[in-house]
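A.B. asks: Hey, can you work out the whole structure from these sequences and the hints?
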Amino acid sequence: MYRIICLWLLFSTAVFAQENSVFEAIGISEQAYCFAKLTKDHKTYLYHTTSGVMVDAIEDYNADMIVVIKDGYFGIITTQGRLFGAIDYDDVELQTDYRGQWYPAIPYNYKFAITKRAGKYGIVNGDGKVISEPQYDAVKIISSKLIAIEENGKWGWISAADGAVLQKPVYDEVGKNYGDENAVSIYRQGKAGLALMNGTVLIEPQYRFIGYISIQSTNYHKIQQDQKFGLSDTSGRPVLAVEYEALNAVGDAALVSFKKGNLWGLIDLQGKEVVPAVYTNISDFTKGLSIVEKDHKKGVINTAGKFVLELRYQDIEFRNSKGENWYQDVVVADDFYGEPTEASRKRRQEELELTKLPYYLWVKQNEKVGLFHWNGTPLIAADRFTTIEFKYQKQLLYFRTFIKDTYGIFDKSGTELLPPKYRYNSDRYYSSLKYSYSERNSDPNLIPIFDENQLGLYNMSQKRFIIPLGELDITWLNSQYFIVRKPIADSYTKKSALYNRSGQQLLPFDEEVVIEKIFNDKFVMVLQNNQYKLLDLKGNTVYENPLWDRGNFYNRYSTPTNDQTEIGVFQSDLLKIYGVADNLFIYQNGDQRQFTDFVFVSPFYRGYAWVVQEKAAVPKYGIINSKGELVVAPQYEQLDEISDSPDLILVRKDQKYGIIERGGKLILDAIYDYIDINSSYSLGEISLNGKYGLVDRKANIVVAPIYDELRRNYNGTDRTWPLLVKKDGWYYFLNENGQQALPRAQSKIN
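Under my numbering, the first residue of the sequence shown is numbered 1, with each subsequent residue one higher.
Hints in this document: simulated from the structure, not taken from any laboratory.
Don't take each hint at face value.
Keeping only pairs whose Cα atoms sit at most 27 Å apart, straight-line, the calculated DSS-like set for lysine-lysine is [stated by the list, open to error]: (1) Lys726 - Lys43; (2) Lys494 - Lys533; (3) Lys394 - Lys522; (4) Lys495 - Lys538; (5) Lys140 - Lys116; (6) Lys494 - Lys40; (7) Lys272 - Lys322; (8) Lys726 - Lys656; (9) Lys404 - Lys495; (10) Lys176 - Lys111; (11) Lys346 - Lys297; (12) Lys322 - Lys368; (13) Lys533 - Lys620; (14) Lys412 - Lys486; (15) Lys494 - Lys522; (16) Lys404 - Lys434; (17) Lys412 - Lys368; (18) Lys116 - Lys129; (19) Lys322 - Lys421; (20) Lys297 - Lys287; (21) Lys538 - Lys615.
Here the structure is a predicted model, which is why all the values come from computation and not from measurement.
C.D. replies: So this is what it looks like as structure tokens:
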């Protein structure tokens with residue numbers, strides 16, 4: 001009977017949609033992106049744009065399932081348009097489960113719809129399969145595998161795969177067991193027990209509480225009777241007798257902490273006492289060690305209960321190689337908030353690699369701090385320093401040790417490299433000015449040493465200053481070279497010198513010389529006596545010209561951003577020289593090359609350069625290759641790069657727009673009113689003769705520009721679909737495949 005009703009409803013819905021396709025107004029539904037909102041005769045309808053299903057309202061929306069209402073009855077349809085049976089339920093409730101914070105592509109643990117008809121309840125899964133027709137007094141989700149059912153006040157469960165009854169309703173309550181997905185929590189007369197999915201009882205309902213703890217990735221049932229606790233394994237076999245005041249897992253050890261009185265001890269899973277209950281606190285084990293506390297003193301023990309550090313310290317912390325305080329072996333959780341990005345995956349991998357590096361024992365005693373290796377051997381004695389900073393630079397660890405305001409340096413083996421006699425300026429802005437672009441340095445052994453207003457560069461592997469302390473500042477040009485600037489006596493000016501990272505001075509200057517840039521690790525551009533020069537690394541002049549100007553005076557030409565860098569590296573073996581003569585370039589040997597056929601040539605980028613010819617005082621843009629050959633004749637009024645598509649160029653000709661490839665291939669003729677391809681959307685908008693359409697990032701036309709209006713569906717697929725359009729006075733929707741949905745109207749719902 002229900003199938004007949006379903007077919008009739010589907011047929012009547014389709015006929016209604018076809019015969020009554022004209023409405024008073026149409027718009028985007030704010031409740032579910034896949035529906036169009038329609039009005040007619042003072043009534044609102046919702047129309048699924050791909051399936052043609054028409055409904056009166058939307059009750060709920062969860063995952064890809066939508067609860068709809070028609071003529072007072074409830075049904076389920078997917079965002080893709082698949083109707084789950086008939087719209088003939090009295091009520092429908094969606095139940096889903098996923099891990100973390102929701103994002104569009106998140107995987108679901110399960111998706112179900114609880115259906116109600118004539119006071120009885122059933123289940124439909126996320127694929128539309130009817131697991132059970134409405135026949136139970138109540139149902140609830142236990143897991144992706146089990147559904148709890150109620151009959152006559154008693155509970156049992158059925159298979160979530162096919163609805164088969166696995167356990168007849170005999171319990172007062174049943175529920176999810178978080179310690180074992182193959183078990184069910186069962187309750188009778190207020191007592192808890194456990195059963196397998198097939199109904200076999202593991203633990204009779206006799207306990208006050210059953211939870212779980214995880215020991216070395218194995219789950220155990222934690223059971224409570226009166227005020228005592230015990231453990232059983234997942235088969236129900238007793239592991240620890242119900243005789244302990246409290247039981248807790250302790251990190252990565254195959255041990256359990258137990259409470260006796262107000263004190264804690266450790267036992268193994270055979271019940272053998274490893275550590276007596278004498279401590280006020282026992283931390284979780286991390287990499288086989290735990291911090292214990294007694295009489296306000298702290299120490300460290302191993303899993304055998306033996307002391308690694310005796311009970312004598314004010315405080316103890318576990319530190320990783322970045323100096324971060326950790327109390328777990330695995331310190332990096334899975335991505336939780338939103339869809340994992342490439343950057344988050346990279347950070348996670350870096351942090352996972354960090355867990356493989358050594359951990360350290362940080363201690364404090366008599367207000368002095370020290371460090372021990374993980375095996376308890378001393379690293380830095382806790383008798384001198386008030387603070388120890390971990391410095392982790394490009395996978396190399398060293399320590400900055402402080403005695404109040406002065407600091408020194410220790411390497412990772414505990415060797416003192418520099419005594420604590422330097423005064424650190426804590427002003428980060430000041431430090432960044434004195435020692436700038438430090439991220440470019442690729443040698444982890446090179447560290448800056450600040451001493452009040454002085455700065456030096458120290459090589460830890462060589463145990464020496466390669467740049468002695470002095471009133472100077474250091475700027476890294478790239479991974480191999482840096483500049484040292486020192487003030488000239490009785491002057492406000494500075495002199496500069498170029499060094500390689502070995503500390504070898506390559507280019508010293510006695511007068512005020514500004515080293516601007518380094519090109520291709522072969523040349524430096526310097527400003528000397530208000531004149532720019534290009535020198536090799538031996539100081540030989542490769543190129544100089546008194547008219548060379550660093551600036552770009554051709555801003556009236558709309559060259560793309562990537563081609564307006566003020567001074568770039570040699571690209572296509574050419575470097576542009578500004579201010580000397582029009583379109584002058586030099587090769588790496590200093591030879592000049594001038595492009596005389598154009599009023600402007602941009603720097604080369606990806607093997608090509610913009611060129612401009614002025615025709616009747618109007619600039620026309622074209623493109624040449626590195627040989628100087630025209631690949632695009634100067635004909636355009638404007639060239640612009642397209643975000644995230646560096647090989648595509650937006651062109652303008654006779655106030656119309658088109659798209660070409662950087663190498664000259666024509667993609668879209670310059671006939672469009674505008675083309676807007678940006679990084680916010682996967683599809684861009686185009687306009688032709690006042691009509692609108694869409695293009696993708698490769699400039700393929702997805703929707704022909706034939707519409708009077710376009711309105712994106714920002715909550716829809718690609719933040720676009722279904723797309724509301726207007727043509728010949730009528731509004732209607734286009735689906736992602738270009739198919740036109742039937743409903744149309746001459747007015748739009750805003």
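A.B. asks: Which of the listed hints are not met by the structure?
C.D. replies: Hints 6, 7, 9, 11, 13, 14, 21 contradicted; others consistent.
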